[in-house]
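Asks: Could you build all of it, start to finish, from the sequences and the hints given here?
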Amino acid sequence: MAAVLESLLREEVSVAAVVRWIAHSTRGSEDNPGEAAALSSLRPLRKEFVPFLLNFLREQSSRVLPQGPPTPAKAPGASAALPGRPGGPSRGSRGARSQLFPPTEAASTAAEAPLARRGGRRRGPGPARERGGRGLEEGVSGENLPGAGGRRLRGSGSPSRPSLTLSDPPNLSNLEEFPPVGSVPPGPAGTKPSRRINPTPVSEERSLSKPKTCFTSPPISCVPSSQPSALDTSPWGLGLPPGCRSLQEEREMLRKERSKQLQQSPTPTCPTPELGSPLPSRAGSLTDEPADPARVSSRQRLELVALVYSSCIAENLVPNLFLELFFVFQLLTARRMVTAKDSDPELSPGVLDSLESPLFQSIHDCVFFAVQVLECHFQVLSNLDKGTLKLLAENERLLCFSPALQGRLRAAYEGSVAKVSLAMPPSAQAVSFQPETDNRANFSSDRAFHTFKKQRDVFYEVLREWEDHHEEPGWDFEKGLGSRIRAMMGQLSAACSHSHFVRLFQKQLLQMCQSPGGAGGTVLGEAPDVLSMLGADKLGRLWRLQERLMAPQSSGGPCPPPTFPGCQGFFRDFILSASSFQFNQHLMDSLSLKIRELNGLALPQHEPSDEDGESDVDWQGERRQFAVVLLSLRLLAKFLGFVAFLPYRGPEPPPTGELQDSILALRSQVPPVLDVRTLLQRGLQARRAVLTVPWLVEFLSFADHVVPLLDYYRDIFILLLRLHRSLVLSQESEGKMCFLNKLLLLAVLGWLFQIPTVPEDLFFLEEGPSDAFEVDTVAPEHGLDAAPVVDQQLLYTCCPYIGELRKLLAWVSGSSGRSGGFMRKITPTTTTGLGAQPSQTSQGLQARLAQAFFHNQPPSLRRTVEFVAERIGSNCVKHIKATLVADLVRQAESLLQEQLVTQGEEGGDPAQLLEILCSQLCPHGAQALALGREFCQRKSPGAVQALLPEETPAAVLSSAENIAVGLATEKACAWLSANITALIRREVKAAVSRTLRAQGPEPAARGERRGCSRACEHHAPLPSHLISEIKDVLSLAVGPRDPDEGVSPEHLEQLLGQLGQTLRCRQFLCPPAEQHLAKCSVELASLLVADQIPILGPPAQYRLERGQARRLLHMLLSLWKEDFQGPVPLQLLLSPRNVGLLADTRPREWDLLLFLLRELVEKGLMGRMEIEACLGSLHQAQWPGDFAEELATLSNLFLAEPPLPEPQLRACELVQPNRGTVLAQS
Amino acid sequence: MKCISLAECWEETITFPGPEDTGLGIQTSQSQATLLSIFSQEYQKHIKRTHAKHHTSEAIESYYQRYLNGVVKNGAAPVLLDLANEVDYAPSLMARLILERFLQEHEETAPSKSVINSMLRDPSQIPDGVLANQVYQCIVNDCCYGPLVDCIKHAIGHEHEVLLRDLLLEKNLSFLDEDQLRAKGYDKTPDFILQVPVAVEGHIIHWIESKASFGDECSHHAYLHDQFWSYWNRFGPGLVIYWYGFIQELDCNRERGILLKACFPTNIVTLCHSLA
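Residue numbers (our numbering), protein chains in the order written: chain A, 1 to 1226; chain B, 1 to 276.
Keep in mind that the hints were calculated from the coordinates and are not lab data.
Here are the computed lysine to any residue pairs in the SDA-like style, where the Cα-Cα straight-line distance is at most 25 angstroms: (1) B:184 <-> A:458; (2) A:507 <-> B:184; (3) B:184 <-> A:1070; (4) A:1121 <-> A:1106; (5) B:184 <-> A:875; (6) A:594 <-> A:564; (7) A:736 <-> A:860; (8) B:188 <-> A:448; (9) A:939 <-> A:871; (10) A:453 <-> B:256; (11) B:45 <-> A:1028; (12) A:594 <-> A:871; (13) B:153 <-> A:1017; (14) B:184 <-> A:871; (15) A:878 <-> A:435; (16) B:53 <-> B:66; (17) A:507 <-> B:226; (18) B:184 <-> A:996; (19) B:153 <-> B:118; (20) A:1121 <-> A:1075; (21) B:184 <-> A:990; (22) B:153 <-> A:1051; (23) B:73 <-> A:1136; (24) A:1079 <-> B:125; (25) B:188 <-> A:461; (26) B:188 <-> A:511.
Covered stretches of chain A (in silico footprint by chain B; criterion: 3 or more residues with CB under 8 angstroms from a CB of chain B, positions within the stretch not fixed): (27) 460-473; (28) 1030-1037.
We put the beta carbon where it would ideally sit given N, CA and C, even for glycine.
Replies: This is the structure we're talking about:
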């Protein structure tokens, strides 16, 4: 490998040739024969070059960036250290790597590869080490690289040539250089990506999915500068003093501890105190070594390597663009060179021809190299967010080394509008109750309905509790909520309840987590005046403070593992705690459905002909809609991946050998939860990669280790790799993918390739960009990919780790004390719903014509028409329901009434009644289509007119109107023809049960009520007050009472007067109150009749005068007759209890009762027969003998009365003598 | 308990309804009504605490015997009421207890709840005349329990809902009331859902619930659990009006979406259509 680099450095071959050689194996024709010859002999190594180069650079920089490890690329294999004889390294490499990346070998071997590597990554000899016969080399590297697997070199080349490799291997056992995973604060630390493996599973997030831990990024200066590290004495990490061992162990323990703490709070909303811990130490080393362009040691060599490196980046030969940029930024901002005492005795400026001497001999070299690379990638840089641009433009070294680049960056900064805000997600808002989906009609039974009602409340209760407590130390989701969640899930018995709950869950998920936007977002990267007044030291502290406040930025280095930040954590933990397979299955179904739906959404396409101003407005809408859809898709896909692969992930290492084969055989039989391969293929074909790939990446990021080995998913990875390779940023052309779209795809794919479960060899396995990737045969002219749908906001939202670049620069710039660092400003952003979902029209020539019509119109026109059609269509259905169906229901009601009259009270079996009615009424539903058509015809044009701009040409307008009418009609009629009968049936059924109920127990309560008169000012006493007052009188009458307690007759009269007012006003009267008033009034009457009401007055007078009593009874009678609208339980007057009140009086006086009964009859309040019946039943009760006799007399008297009104007054008089006799008898 | 030491912290802890809210023309002053409401709640709490004590079979048996002995001596005396007062139990509840026991003895099957309720509502249905009178006496003399009191409470609640409805109409705020919501099949229904949300003191309001009682800790927590959060879960943030005031500290969920007021809010911000 190194041979290639060496021949390059010796200028035997040109950079262009090398890059061509790497990228296009088959095309050698453009190269000159000499170059071709030089390279063709190296052909077998072609694919190993990039990994080699990346590792080489990481190693070379290890002296400059002693704080971190030589950043390994996710590049397997090729040693960075083997310049020299082509044959040697070739054999060595191939020998070592033959198990790992055998491009031509059987698939089964290939499938084993990642496992072998994984084994190798473990500390100590793994199974892979024993196998494969690496022989000597293995021994050598094995000793030096005890934990070295990862992305680092493998076959460390020729033992016969102890050059750089052997003399200067990075000391991988040095934990300062290679801190274990998880020790990295996700904070501002300039972090170096590394796939170093810590054998202990530290990540809570990932513990389910991977036995190997995620690569991570150690901080730049974990080593306080004051503390001499092993590195200081042995720059290449060889020969650690034995005494350091224990120190190391201690450090490792410390780190583990820290990492645990970090992992315990994996959500970015709770930054850990460790966040800023590296800063003070870093501040200590800040003043070291200013970089000076004049002191660069070997310009030409650096230029060449930079060029090759840049070309590899540009051609997407490196797995992760942003990781490389991060590395370059690290070089740019490097602080200090580790002094290499024994280094470079023979170094001279002229040495170019070998890799013997270190590439980077000083800070100056590093900066020079970095600037060289950055110059080649100005385009990418200029598309970063404004804050990063500012920091770059303000970077002193950049200014120093390349004023031109600095000038371009400054210009780019000034022209940039790419402010990025990463706001906290808004706090929880509930999913609203929608009768269409949530009311009783959507449930199989009352029980299911009420169960779901309760579940909704429990769900939110749990959510609120989580919101309150999840940030408290020591609070545990499972402990706090687990049992409650499971109890709730346990109640979901019916399958339909599961789907309801899942719908709620998914909606809530989307609502809470879909967008990081919401009010109060902040903008990264603006330098405020306040900050420039603060010193550098303070700035560091302020930065940390902001970091804490703005937690979402801390994404854990440039390649963070997949996480569930913020609210997403709740949903993940909920799924885990619920541990319900039914729930998971329903959830997967629902997520898959929603993903398909959103992925297939006909997002408007770009029209290049758009004019500037308006199209810009339109595009903002487009972008917003696209962003909403994309973010929703990513969220849903992430959870789908999480749930789908949940059963296959575990903390144990992935299986190997036969076990693995059998697992593979089994798993390959299992159909994928969602046919993502087809969706990807279609997405690529339809040029919608920019929509499909980002969510697919989220989905795949949760795959378990076996997944990439399955043919089905391997195809997907290969497609993705080809796509990645094809996304060359410098190639821009009309109709191809937009720059930022590409950048987004590169970022997410690069991130995916770094996920530990994705085999490291996968990236380098594939032959160059296969020409077969030209899948564009049926691609539409302008796919979504060609539309500028991605902006920096979306890019940074999807890939927060790109922000690490800014953090790296920000720290430097902040600490240099020169510029103000950065700050955020608040810009409100809005979140939008998914907006109108265009109707799917794909039938017939008309539809094709309509499509064609839209093709050359601004996208807003199409949206408007589709929107109008959708809404009018939907309104049409509602209109039909309110008119036609309502009429039919009224008919049903009157038919039913007739039926009830003819058939008597019970009317027969309700189900039968319903059938009769429906058979009569449902045929009328046929009118619905005609009415619907008419409605759409009438309503749509006006709506389209109102929504389109004035200058829309008449022809366009009328076409748009017609299409809207057509679409709306289509939609409405489709629904109506399918559902009208069912709808009528349902409504009639409801009406029937309503009517039958109305026939039931409380007919009067349902009758029409008279309101109070218009002039009424509602000043009548309140019903509650009156009941209360009457209750007081009743309690006085019933006793017990003090001798001097009583009521005045005036009070009684006043009370009845008020009762009349209240009954006439009715404003505040409710049926139960009226019922009670009626009952109380009857009780009052009984007490009056029995003369039981204690009257206040001159001490002797404890009884009401007869005249007064009669007056009061008259008032009551009038109230009953005129004012009560509900039923008055007058029969209670003759209940044994009330009549029995008379029994206690001495002497008994029956005249009032008789008077009352007669009045009741006269006023028509009670029938004679009714009273007779009551009197008759009174005789059956047990009475004292004399009382029974008197009662009998009363009955006779009453019955003897002629039923004529006139003589009644006289009859009252006649009672008196009778009473006398009664008295005499008693 | 904060409300116990009313004298000390009356003003500080309790948000009173303002004087302008006496829209119902109630004769008593608002603070008196508030006091009554608090008293009623405290009494109910007391009864709840001692409820179990009166419902042991021994207690029931002893009460029943005392009742029987009492009415044998003098059926017209307030035997049941005196008994209830003596053992510090609500007369209506005592009546229910004895009625249940009585029916158990006189009828083969245990009486259903609805039968008991119906007899309490209309003591004429009670087969025994003496017991009927005793029960009726208990009911009309009970100030916190019983069908009459329940009806009064219900009426008060309804009156305040009507008041609130009038105020909403007056302010031109369109709404759906409980009945309309129920007809649409909503599973939980606040008194009013605003068709267009408004803002009160910077808080968005989607629904309004009227509570014609004093908002003390105990009842408020019960309401939160059974009603307010359920409304929030379905309709978003909303407003609760405790017409008889509430303990100020309870108004702590404003940010979360439940705002408490002791009167109809004066400064309501509505959506401005001209700006939209």
